[in-house]
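Undergrad: Now for the letters of each chain:
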Amino acid sequence: MTAALMLELRDLSKSFELHHQHGARLNVLRGLDLRLHAGECVVLSGASGAGKSTLLRVIYANYRPSLGAVHVRHDGRWLDLAKATPHEVLDVRRRTLGYVSQFLRVIPRVPALDIVAEPLLQAGASPQLARQRASEMLHRLNVPERLWSLPPGTFSGGEQQRVNIARGLIVPRPILLLDEPTASLDATNRAVVAELLTEARAAGSAVLGIFHDEDMRDQVATRLFPMQALEAA
Amino acid sequence: MSVLLKVRNLSRHYGTRVGCEDVSFDLHPGELLCIVGESGSGKSTLLNTVAAQLAPTSGSVSYRQRDGQWLSVNALSEADRRRLAREEWGFVTQNPRDGLRLNVSAGANVAERLMALGMRNYSQLRGIARSWLERVEIDPERIDDAPTGFSGGMQQRLQIARTLVTQPRLVFMDEPTAGLDVSVQARILDLLRRLVNELGLAAVMVTHDLAVARLLAARTIVMQRGRVVETGLTDQILDDPQHPYTQLLVSSVLTT
Amino acid sequence: MTYNFAFLDEDTKRMLRRSLLKAVAIPGYQVPFGSREMPLPYGWGTGGIQVTAALLGPDDVLKVIDQGADDTTNAVNIRRFFARVAGVATTERTVDATLIQTRHRIPETSLREDQILVFQVPEPEPLRTLEPREAETRTLHALADYGLMHVKLYEDIAQYGHIATSYDYPVRVDGRFLTSPSPIPKFDNPKLHQSPALMLFGAGREKRLYAIPPYTQVESLAFDDHPFEIQHWEHQCELCGSGESYLDEVIVDDRGTRMFVCSDTDFCGQRRAEAQA
Numbered sequence: 001m002t003a004a005l006m007l008e009l010r011d012l013s014k015s016f017e018l019h020h021q022h023g024a025r026l027n028v029l030r031g032l033d034l035r036l037h038a039g040e041c042v043v044l045s046g047a048s049g050a051g052k053s054t055l056l057r058v059i060y061a062n063y064r065p066s067l068g069a070v071h072v073r074h075d076g077r078w079l080d081l082a083k084a085t086p087h088e089v090l091d092v093r094r095r096t097l098g099y100v101s102q103f104l105r106v107i108p109r110v111p112a113l114d115i116v117a118e119p120l121l122q123a124g125a126s127p128q129l130a131r132q133r134a135s136e137m138l139h140r141l142n143v144p145e146r147l148w149s150l151p152p153g154t155f156s157g158g159e160q161q162r163v164n165i166a167r168g169l170i171v172p173r174p175i176l177l178l179d180e181p182t183a184s185l186d187a188t189n190r191a192v193v194a195e196l197l198t199e200a201r202a203a204g205s206a207v208l209g210i211f212h213d214e215d216m217r218d219q220v221a222t223r224l225f226p227m228q229a230l231e232a233a
Numbered sequence: 001m002s003v004l005l006k007v008r009n010l011s012r013h014y015g016t017r018v019g020c021e022d023v024s025f026d027l028h029p030g031e032l033l034c035i036v037g038e039s040g041s042g043k044s045t046l047l048n049t050v051a052a053q054l055a056p057t058s059g060s061v062s063y064r065q066r067d068g069q070w071l072s073v074n075a076l077s078e079a080d081r082r083r084l085a086r087e088e089w090g091f092v093t094q095n096p097r098d099g100l101r102l103n104v105s106a107g108a109n110v111a112e113r114l115m116a117l118g119m120r121n122y123s124q125l126r127g128i129a130r131s132w133l134e135r136v137e138i139d140p141e142r143i144d145d146a147p148t149g150f151s152g153g154m155q156q157r158l159q160i161a162r163t164l165v166t167q168p169r170l171v172f173m174d175e176p177t178a179g180l181d182v183s184v185q186a187r188i189l190d191l192l193r194r195l196v197n198e199l200g201l202a203a204v205m206v207t208h209d210l211a212v213a214r215l216l217a218a219r220t221i222v223m224q225r226g227r228v229v230e231t232g233l234t235d236q237i238l239d240d241p242q243h244p245y246t247q248l249l250v251s252s253v254l255t256t
Numbered sequence: 001m002t003y004n005f006a007f008l009d010e011d012t013k014r015m016l017r018r019s020l021l022k023a024v025a026i027p028g029y030q031v032p033f034g035s036r037e038m039p040l041p042y043g044w045g046t047g048g049i050q051v052t053a054a055l056l057g058p059d060d061v062l063k064v065i066d067q068g069a070d071d072t073t074n075a076v077n078i079r080r081f082f083a084r085v086a087g088v089a090t091t092e093r094t095v096d097a098t099l100i101q102t103r104h105r106i107p108e109t110s111l112r113e114d115q116i117l118v119f120q121v122p123e124p125e126p127l128r129t130l131e132p133r134e135a136e137t138r139t140l141h142a143l144a145d146y147g148l149m150h151v152k153l154y155e156d157i158a159q160y161g162h163i164a165t166s167y168d169y170p171v172r173v174d175g176r177f178l179t180s181p182s183p184i185p186k187f188d189n190p191k192l193h194q195s196p197a198l199m200l201f202g203a204g205r206e207k208r209l210y211a212i213p214p215y216t217q218v219e220s221l222a223f224d225d226h227p228f229e230i231q232h233w234e235h236q237c238e239l240c241g242s243g244e245s246y247l248d249e250v251i252v253d254d255r256g257t258r259m260f261v262c263s264d265t266d267f268c269g270q271r272r273a274e275a276q277a
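Residue numbers (the working numbering), protein chains in the order written: chain U, 1 to 233; chain L, 1 to 256; chain E, 1 to 277.
In isolation and in its complexed conformation, chain U is listed as follows (with noise of 0.2 Å):
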């Protein structure tokens, strides 16, 4: 049985406009094609400035394609994302895609157990329950507990990936999006991610990522997705 297809990029496009900088245009992507499949795991490869972020960023629609579809399997139907509304978009990210972004967004005065429960408390699970598996989630990645009751304004860069990742993978997802999730992390802590991606993947999950460590890579990987920088136009 062939897995489900989770995610079909169709030749995605991306330029930036800069309408500050005398019109200049940046082209990031052309025509992108692109199969996700449930239980995988591809990731992108690639020199920096291949545009690997930019490409994550458009599929969350946290960027807007210039060009091209993004459909994704929402809801047992195929929704373009590309097209759809904000609302729709929404709905998506709630419930079908997740994206652990390269660095934490802080939010003040909000303690790091309270961020990474957050996800599951909007899902509908009670407080109780949200904040046991966020200290689940936290122990796991090694995050002392005398910093879950701080806000992670003031932790390392490894203390506020690894609360990036605890929130970004809580709550279950069929597609996940990573950028360079382990970039600040030492091997302890990366193995803990790759078991992490490989239950998500066990349990049906889709993931698309970039890794920079190649050991990461070997480690993850179901398959590689190589990238190359566009010429300026």
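No wet-lab data here; the hints were simulated from the structure.
Hints are supplied without guarantee of correctness; some may be wrong.
Label pairs and their calculated CB-CB ranges [to be verified]:
#1 U:V106 with L:V250: 16 to 22 Å
#2 L:G15 with E:N4: 39 to 45 Å
#3 U:R25 with L:E198: 41 to 47 Å
#4 L:N9 with U:R25: 45 to 51 Å
#5 L:A211 with U:L67: 29 to 35 Å
#6 E:Y160 with L:E134: 20 to 26 Å
#7 E:R93 with L:G127: 49 to 55 Å
#8 U:T198 with L:Q124: 51 to 57 Å
#9 E:Y160 with L:P29: 40 to 46 Å
#10 E:F228 with L:N197: 39 to 45 Å
#11 E:Y160 with L:S60: 58 to 64 Å
If we take Cβ atoms under 10 Å as the criterion, some of the chain U residues that face chain L in the derived model are [as the list claims (entries may be wrong)]:
#12 S13
#13 K14
#14 F16
#15 H19
#16 R57
#17 Y60
#18 A61
#19 Y63
#20 R64
#21 L67
#22 V89
#23 L90
#24 I107
#25 R109
#26 Q122
#27 A125
Ideal Cβ placement from N, Cα and C applies to all residues, glycine included.
Mind docking chains L and E on chain U? Use the hints.
TA: What follows is chains L and E alone, placed relative to chain U:
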């Protein structure tokens, strides 16, 4: 998930001067929409016109009531307008002094909307007032103090309690943290974020501060000179602005 | 100089009667009227006098009381005024009167269907101290938006432990309009409810009339857990022994000796007369 508020081609002019022009958007339950723009962009005019505090020059505002019936907001009588404001809507003003009764105790300020809706048990009213004061991080021992002795941030938190105590289905907020110190602002924004999530509120908020939009709003409208120049997901607008004015706004924000 | 019957010209009486009819048709609602210049200044009962003047007929029997007493200067003057300009019979006995003009009290003796009680009202707007703007109070009444009054009652309980208003206690008439019963003690509020007599209220300075028709529901505002209560005394009237009437505290000598007596002089006098008989 059905729509709660429908704004269609809404315009409000002041004589020949354009306040806001041809604005349309939908709002769903549980959604917070930010209207951002600089001074003179028309954002406050838009908010006040949608909230039926100003009559539109043209266009329409429709609201779906608790019982599912659609209401044409601009065609309402004064009586119905006030009833809507009392029973289903809330409005947090920029200056808390405009939204509070300053000569009446904090507890009475919080309890007033409940009494207006018919609650007649003093102990119950007082109990609810106390718990809301705690919720907005005001010492409940100050329940009998008049807000004239409160700091600006405390007054604003009291206004938020007073407005949200009846769990309105739709809340309008006009720059609720403008003019407050940064740390005070952070506290209030955090409070709003939590309350909006806990209560599942739908809200329309005006702000000139893009960081506030990013923190609180899933969707944003960008206004310039009375018109909407860009609209969509907040993170998309801030990270991948399309319109020249939006790009200017985003690039102008200082970072520490 | 001869005056028209009851001092006012017939057109003025007609204007007053039209306004009174409107007031009776909308219980508790303040009807604006063209308050006339009267031979005594505002604040001395010109509203009540205009209502009485519009209603008096040659066969009426008029009683005038001030804080329950027939013999204070004001009561005496007003009674003599009408005796002179209308030639009507006057009385101090509640049971004999057809029309009673009162300042700040309702007689203890129960009233009948054929009697009219006319109140002198200084400030007809119950929300005035809370909301100084007339345009706004009119809107609040139109919308039955009375949350503000409950705010005041809440504040009283928060500050004093109980509702501190002891006179001019606000009522809801016929379940609709919030009304000031005039500065009668709250002790008298229950007498407003389902009264057989017609009750009319005149405010001359503020130029408003309002009415509580006979057998109308009148409810004093309160909270469920702080219900409306009337005043109680530990004393009884020293003159007639009544334990049920509203008592005035009177200082009788320079040493501060005090005595509690009925405020309603007719009621007290009747009880004493019956006791002696």
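Undergrad: If a hint holds in the structure, say so; if it does not, say that too.
TA: Each hint, compared with the structure:
Restraint check, V106 of chain U to V250 of chain L: a C-beta distance of roughly 19 Å satisfies the suggested window 16 to 22 Å. G15 of chain L and N4 of chain E have their C-beta atoms about 55 Å apart, which leaves the hinted 39 to 45 Å range violated. For the pair R25 of chain U and E198 of chain L, the supplied restraint of 41 to 47 Å holds, since their beta-carbon distance comes to about 45 Å. A hinted range of 45 to 51 Å is violated for the C-beta pair N9 of chain L and R25 of chain U, which are about 33 Å apart.
Range check, A211 of chain L to L67 of chain U: Cβ separation about 31 Å, and the 29 to 35 Å hint holds. A C-beta distance of roughly 25 Å is found between Y160 of chain E and E134 of chain L, which places it inside the suggested range of 20 to 26 Å. A hinted range of 49 to 55 Å holds for the C-beta pair R93 of chain E and G127 of chain L, which are about 53 Å apart. Under the hint 51 to 57 Å, the C-beta atoms of T198 of chain U and Q124 of chain L, about 54 Å apart, fit the expected range.
With their beta carbons about 43 Å apart, Y160 of chain E and P29 of chain L fall inside the hinted range of 40 to 46 Å. A hinted range of 39 to 45 Å holds for the C-beta pair F228 of chain E and N197 of chain L, which are about 43 Å apart. The given range of 58 to 64 Å is broken by Y160 of chain E and S60 of chain L, whose C-beta atoms sit roughly 50 Å from each other. The restraint placing S13 of chain U at the interface with chain L is violated, with a minimum CB-CB distance near 14 Å, outside the 10 Å limit.
A least Cβ separation of about 9 Å between K14 of chain U and chain L falls short of the 10 Å threshold, and the interface hint therefore holds. The interface hint given for F16 of chain U holds, since its Cβ lies 7 Å from the closest Cβ of chain L, which is under the 10 Å cut-off. A cut of 10 Å between beta carbons decides the hint on H19 of chain U: the least distance to chain L is about 4 Å, and the hint holds. A cut of 10 Å between beta carbons decides the hint on R57 of chain U: the least distance to chain L is about 7 Å, and the hint holds.
At its closest, the beta carbon of Y60 of chain U sits 9 Å from a beta carbon of chain L; the interface hint therefore holds under the 10 Å criterion. Using the Cβ-Cβ criterion of 10 Å, the hint placing A61 of chain U at the interface with chain L is satisfied: the shortest such distance is roughly 6 Å. With a cut of 10 Å, the hint placing Y63 of chain U at the interface with chain L holds, because the nearest CB-to-CB distance is about 4 Å. The closest approach between the C-beta of R64 of chain U and any C-beta of chain L is roughly 5 Å, which is under the 10 Å cut-off, so the hint is satisfied.
The interface hint given for L67 of chain U is broken, as the beta carbon of that residue sits about 14 Å from the closest beta carbon of chain L, more than 10 Å. With its C-beta approaching chain L no nearer than about 6 Å, V89 of chain U sits inside the 10 Å limit, and its interface hint holds. A hinted interface residue such as L90 of chain U counts as satisfied when its beta carbon comes closer than 10 Å to some beta carbon of chain L; here the least separation is about 5 Å, so the hint holds. Taken as an interface hint, I107 of chain U checks out: its beta carbon lies about 7 Å from the nearest beta carbon of chain L, inside 10 Å.
Because the smallest distance between the Cβ of R109 of chain U and any Cβ of chain L comes to about 5 Å, under 10 Å, the interface hint for this residue holds. For Q122 of chain U, the shortest C-beta to C-beta distance to chain L is roughly 7 Å, which falls under 10 Å, so the interface hint holds. Hint status for A125 of chain U relative to chain L: violated, with the closest Cβ pair at about 13 Å, above 10 Å.
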